[in-house]
Every structure is written in C-alpha cells, then in structure tokens.
Amino acid sequence: MTSGVYRWMLFVVFALALPSVSWAGYWGAENTNMPVGVTEISGEVHALHMRMFWWCVAIGAAVFAVMIYSMFKHRKSKGAVAADFHESTTVEVLWTIVPLVILVVMAIPAAKVLIKMEDFSDSDMSVKVTAYQWRWQYEYLDEGVSFYSQLNPAHNAARQANSDIDTEQFEHYLKDVDNPLVLPVGKKIRFLHTAADVIHSWWVPDLAVKKDAIPGFINENWAKINEPGIYRGKCAELCGRDHGFMPIVVKAVTQEEFDTWVSEQKMKTAAADMDAIRQWSKQELVASGERVYQANCASCHQKEGQGIPGMFPAIAGSDIATGDIDTHITTVMNGVNDTPMQAFASRLSDADLAAVITYQRNAFGNATGDSLQPSQMRSLRHGMRQSALDTPENNFKGVN
Amino acid sequence: MSSSDHAHDHGHDDHDHHHGPAKGMMRWITTTNHKDIGTLYLWFSLIMFFIGGGMALIIRAELGSPGLQFVDPMFFNSMTTMHAIVMIFGVVMPAFVGLANWMIPMMIGAPDMALPRLNNWSFWIMPFAFTIMLSTLFMDSGGPAGGWTLYPPLVLQMGDSFAFVIFAIHFMGISSVMGSINIVATIFNMRPPGMTMMKMPMFVWTWLITAYLLIATIPVFAGAVTMLLTDRFFGTSFFSAAGGGDPVMFQHIFWFFGHPEVYILILPAFGIVSSIIPTFARKPLFGYDSMVYATASIAFLSFIVWAHHMFTTGMPLAGELFFMFSTMMISVPTGVKVFNWVATMWRGSMTFETPMLFAIGFVIMFTIGGLSGLMLAITPADIQYHDTYFVVAHFHYVLVPGAIYSLMAATYYWIPKWTGNMYDEKLGKLHFWISTIFVNVLFFPMHFVGLAGMPRRIPDYNHIFADWNFIATVGAFGFGFSQLLFVYIIMKCIKGGKEATSEVWEGARGLEWTVPSPAPYHTFEQAPAIDANTVTR
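Each protein sequence line maps, in turn, to chains S and F.
The first sequence begins at 907 in our numbering and counts up by one.
The second sequence begins at 4 in our numbering and counts up by one.
This is chain S alone, in the form it adopts within the complex (with noise of 0.2 Å):
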C-alpha cells in the first residue's frame, strides 16, 4: 500500500508541476498575467501584484515543505512514534509576530501606491463617463464634445445566439466599440463616473483604473497616459443581460491629434444639426432607423421585435406601437419608470429617434403607415411640444 501512495503522490505532482511549468511558459503572455500597462500607476500595482505573488509563492512554498516532509518523515508505514508534545509558547509567539512584521512589509509599499491613486488634484481636463445599459456616454466637458460609445456592431451580430458567424474572424471580439474614447497621452485626465440606470464599472486595465458608476453619485479617477495606442476595457460590474458585451476602448493619441479629432468631432455635430432639419423619405427613415433599433433596442425587445415574454414587451403588434403616436413618442423619450425601459431623449439624436419611432411602426408586421421627420423631434425637444401633439394627424401622419 505504501508503494502505491507513493506513486499516487508522484503523479499528482506531476499533474500539479505540468500546469505550472506551462504556466512559466506563458508567464508574460497576454491571456495569463495583469498587464503592466502605459500609466505609472499601472507600473506600480503590477510591481505590487507580482511582489504579492511573489511572497506568497514563498510563504506557501516554506509552509508546503514542512508538511511534505513530515507526511514522508513521519508516517506510521515508516515506523514513526507519535511524540507527545501540543504545544509551545516560543513557537506560537513566533509565528504571530513574525507574519505581522511580513505584513507591515507588504502594507507600507501598498498605502503609498494608494494615496498616489486617490490623489485627484491638477488634473489638466475632465471627461464625464456616463454607463448606460449598455454603452457608455463620454462627456469632453471642457471641449464641448459628447457621444456614446457601445459594442462594434459587427460583433454584437456575431454574438447573438445562434447566428452562424464565426467569431474568430474578429481579433478584438467584445473588446472593439463604434465610437472610442480618444484622449491624449502625457495629461492629467480626471474621469468622472456617474450611472443612468444601475451600477457599472468603468475598467481599462491597461490603466489599472476601475471606478464604480454609481445612479445619483459622482465618482473621481484619473489617469495620465504615457504612451499613444489602443486600450481595451470591460464593465466591472454585473448591470444586466447584456453586461459581458459593453466594452471599453481608449484610444490614446498625441496632443495635436487630439486636437484635431475635437475638431472633427465638432463638425460632426453641426452636420446632424443640419440632418435634423432637412425633409427624410420614408424608406431612408425606415433603414436608418433598423440600424438604430439594432443597436439600441434588440437586445431587450429582440431582432425581430418579438421580445421575451415576462421580461420585455414585444414591439410586433403592441399597442404601443400600432396605436396612438403620441404614447409611443413619449414612451421612447421618457422610458418606464421601474423598469429596463430607460428614456432614450438623450440618448439618441433626433434624426435616430424619428427613424427608430418610423421603423418600429412600419416593421414586425405593425403596418401603421406612420412616419416622422427628425424636425418634428426636434420641435418636441425644444418645448413646441403640446401644440404639436394637439393635432397629431396633421403633424404626425401623411407626410410621405
């Protein structure tokens, strides 16, 4: 029997040493350790971890020793005696005060990083994130520049269930945004968190920066990255449904980049001025506004507007849908209290919250014939809202 406790024991290191010494292997592969990343803070909390890991390793590896031993020393096949003793103060004193001076050695280095992390002072410019279920919204408050940011289309179609497309074809799947975050690198760049809905976690690890964003609070981060490239991050934390695919991604530039891409971005917004303005045909409401619907609101009410019964109302054949256009305008805008349904008024331009209200009218089979022009959004928004819903057949109807 003995014999074969040692072959028993020989094979389980073996099976226990193989992993790690594949793992040696991986050691700086991407897929197995935290990133060093680009920030001096994320240098110094991978410097941290590994001197953590690198203790324990030593503390597990003295502990593991001693016990190994003695189950190889002192077993009863051996002809061992049991000795008598069960206790000793010397011992005990020893082993309490030593691991607290460990600790104090492991504290000091750690309370330092710290009280860098928290310290969110001189910050060169502030970027408010907003989490939604599920994208995120960046504020450039002192630019003036404002988007949403949320899963690569592409991938969100590829990761429905059963879609046939094969998801390794994409190098960055889950991880790539449609609009990223673009800052620039060498500046103090305090982030501010706040939530719309639920709780999420705005986290680049790249960054070594993870900040709850709380509905009704503000939380501070900073960041001051030292080299251009791409960040990937990910929602911390659990939001709901769809929490494992709203992805993070930082696009660090140099300062006249940035520069320019504020620009741009500035051009951006005066061109869907102008978008809303202009007079749409149906069919380029309709399509425009699939492409919104896609994106925003099939993954509660489903691609092919059929929702989950119990969960989330089905938009094919709804009352809200197919009757009164008022209702359905206000329901979109103002969302449902206590519920996912959350109000896409600021969310979405007017151009796409015309074409997602003409889209959901005239598809899943609801044939309503409706269609509305983004200038007719934006007249809700500024105010001219009761005289327009006064007569909504005039308004709303015919159009086209």
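There's no promise every hint is true.
[Said to hold, decoys possible] Taking lysine-lysine pairs in the PhoX-like style, the calculated list, with each CA pair at most 20 Å apart, reads: (1) S/LYS982 with F/LYS432; (2) S/LYS982 with F/LYS429; (3) S/LYS1172 with S/LYS1157; (4) S/LYS1157 with S/LYS1130.
Treat the hints as calculated values from the structure; they're not laboratory data.
Fit chain F to the given chain S structure using the hints.
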C-alpha cells in the same frame, strides 16, 4: 439500550421500541432526535449540492468556448446567482448544521440538542424555502439574475418573482438563526459536569463562535432584503438617489452580513480538520488554546473588514487604508491555524485514510485560497483584481477544496459512526484523487484569465481567454461527475461493509468514539463521568 431505559422511566409504558424511532415517513417529519435531524440536513445538502452543481455545469458549458451556444445571457445570470445561493445557503450551511446536530451532543456528552422541537422546525423550513426559491426559475419573470449579492438598483429591475426570492431568503435566515440559538443553548447548558469549555473539541468551539456570527449577522441581512422589498413594491427609496437614498448603502449593509458569512462557511471546516488531523497523526492537536483564540480573533476581525469588497465604489482614502490593514490582519490568526495543523502532523505517526487525505487537501488548497486572499487585500492591486475571475478563483479555492472538502472529510470520518459500517477505502481514496486533480484543473486557470482581464459574470468572451476557459470547463465536468462516486460510496456504506468498532480509528480521541457504532438512537442518557484525565478532544 436496556440500562438507560431503567434510568429514564418517565412513567410511560415500557414498550420495546419506547426509545426507538417511529416507523415510516412520520419518523422524519415529526422527529425531534438530533441524529435524525442531522441526517435530514445532510441528505438535504447532498441533494442541493447536485442541483447547485448542475447550475455550475450549465455556466461552465456556456463558457467552454467563445460565442453564445446554449443559454440566453439573462438565464446565464440567473444561473450564476442561483448557483451561489444554492451552494451557500443550501449546501455548505445546512451540511455544517447537520454535522453539528449529529456530533455536538455526542462530543460534549449530552443526550440531545437543548431545544429539540425548535430543531425540527429549523430543518423543515429549509425544503420549503428552497422550493420557493427554485420555483422562481419557472415563473414568467425568471429567477433572480442580479448576482447573489442582490445589489440595487439592478436587482430592483427584476419582475414580480422578486417577492418570492425575498420571502425564501427570510425563511432560510429564520432557519439558520433558530439552528444557531439551539447550538448555543446546547453548548452552554447540556455539558455534563467536568466537561469544561477548554475540554471541548475544536469542532464544538468553532460552531459556538459560528453560531454567534449567524445570530449577529442574519438579522442584518434580513433588514437589507426587507428594504429591497419595500423599495421594489412599496415606494420607499432606501437605495435610490432620486428619493434621497444611496445604492452603496446596501453594499455596506450587505457586506456587514456578507463578510462574517464567509467565516460562517469556513470556521466549522476548521473545526472538522482540527479533529481529523490529530486522529490520523496519532498525536494531540498542537496549540489547542491558540486555536480557540485564533478562531475568536477571526470572528471578531470578520466584522471590521466588510468594505474590502467595495474598494471600487469610491470610498474615501482613510476608509480604503483602514479596510486594507484590517483585512491583512486576518492572515495572522489564519496563519496560526495552518501552522498548528502542520505542527500537529510534525513527528506524528501518520496514516492516510480518506478523511486524512481530504483534510490535508483542505489545508493545502485552503492555504492557496488564503494566500490569494492576502493579494486581494492589497487595495491598489484589488482595484485590478476586483470583479474578475481572479476573485472567482480565490473564493472557489477556499470554498470548494476548502469548505466542501472539509464536508467530505467529515463524511468519511464519521460515516462509520453513523452507519456502523466502514466505507470502501479504495473507492474513497479514488474519489479524493480524482476530485483533487479535477478541482485544480477547474479553478487554477481562473487565476490566469482573471489577471488577464476577464470580468466575472459574463456569458461570452474574447478568444484570448478561450484556452484557459476550455481547461476549466473540462475540470468542471470531471469534478462534477466524480461526485457521483461520492454518492455511490455513501450508499454502499449504508447498505453494508466491514463492521465498524466503536473506536473506528486507531488514534480517535473524544466522547463520540466511546459509544457503539452505529451510534444508538439515544446516547449519553446518563451523563458520562468526566474528570481531568478524560480524553475529550
């Protein structure tokens, strides 16, 4: 049975089965016998172990490769939530209560628990509570999917089945508190003369302290979920900023319960291992006194570390420093325990029967989980680790090869006493080795993907995480199915096997080994004589 019958003539008719169990189902429904109730608890938790394990396999199947293959993300979230609730409240806690019921009276020389009718209720609430909890999976609005931590506002988006979840949690809590009161009352009032506190086995000590943790924290949890209930259905806004509340306040209240809770899940395991290692090392437990003090220190510290679960919520610096230091402190008494176990083995005369294998497996793998816990205590690093698979790896190491292994060790250790038969030693060892290999294949790679940036509670991921996730899934199915062997060994042992002596193990110490195997329906009806030289631990 005969001698005790005479001693306890209460004026009943002296039928032969006077002190034996009732027949049929009613025996189990109406029983007030600590051994019957212990058995009920243990079977209940074994059944729940397979339900919770089935959920884990659904999770691992979905995570086996990138892309969504089997389940909707919403159902996936229900599975992670339910898996945790079932494993914590339905497996580990009831199993420890079952062991407490069986063993504490026999260990301290008491005839039964102090409050036998309360004991019956403590158990019989559980199956109803879990029926309600699990039934939400079949309701229109689905099971809870906001994580077992029930953070608002997310959890408040749940449909009407939320009310059932809260109701079930209340019942589980009532059951735990009643069970704890019973254990405290038993330990304080039922010890025979001579059985001083410092003569009690460690398992009794750890349970005494655990029972206090439960009594102190379960009402806090009950308060927190009641506030969720009124926020959801009665228009209050405890946790909504729009009404002057604060969602983070829930996290503080929850973790004030939640952190002591994790010690509730591990302290009795410490007690079990402290009983088993001396038996198979044939040497008394090293540092008994310091073991008692270490357990008490851990319990005390567990109340002042809760916010280390919340380092990313935007706490002030002073708070982060305090909770970092207090959390690191826990490693001192925990270290004392590990060192004491090693010192107990040192210069012993060891044999490696299945309970000892599981106990050693516990010490090694629990220590691995404890060391990653020390890494997690370092706040700046925790900001990177938080809510990733590194955390998942950490708590599964302390709970699966930790708490669950202690339960398996306890089963193999005491099953000869319960059934009167020895289990199949060969199969027991096989069960240990298969489980140990697969449990590491399952959980070790989770450290890597967590460090590399994979958040927890996600149903789909990028291809760079694919290799490790596939390995973990292989480990999960291996570990899951090898537990069928455990059931087979138990069934085989109940049916028959080598007859067990009353001592069972050569190095066994303590009063439970002085009664025959199987333990008669009633034990210690007459208080055992205990003096300074009696070995009770």
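These are the hints, each one checked on the structure:
1. S/LYS982 with F/LYS432: OK: S/LYS982 and F/LYS432 at ~18 Å, within 20 Å.
2. S/LYS982 with F/LYS429: holds (19 Å)
3. S/LYS1172 with S/LYS1157: Since the Cα atoms of S/LYS1172 and S/LYS1157 sit roughly 18 Å apart, the hinted pair holds (cutoff 20 Å).
4. S/LYS1157 with S/LYS1130: It holds: about 13 Å lies between the C-alpha atoms, which stays within 20 Å.
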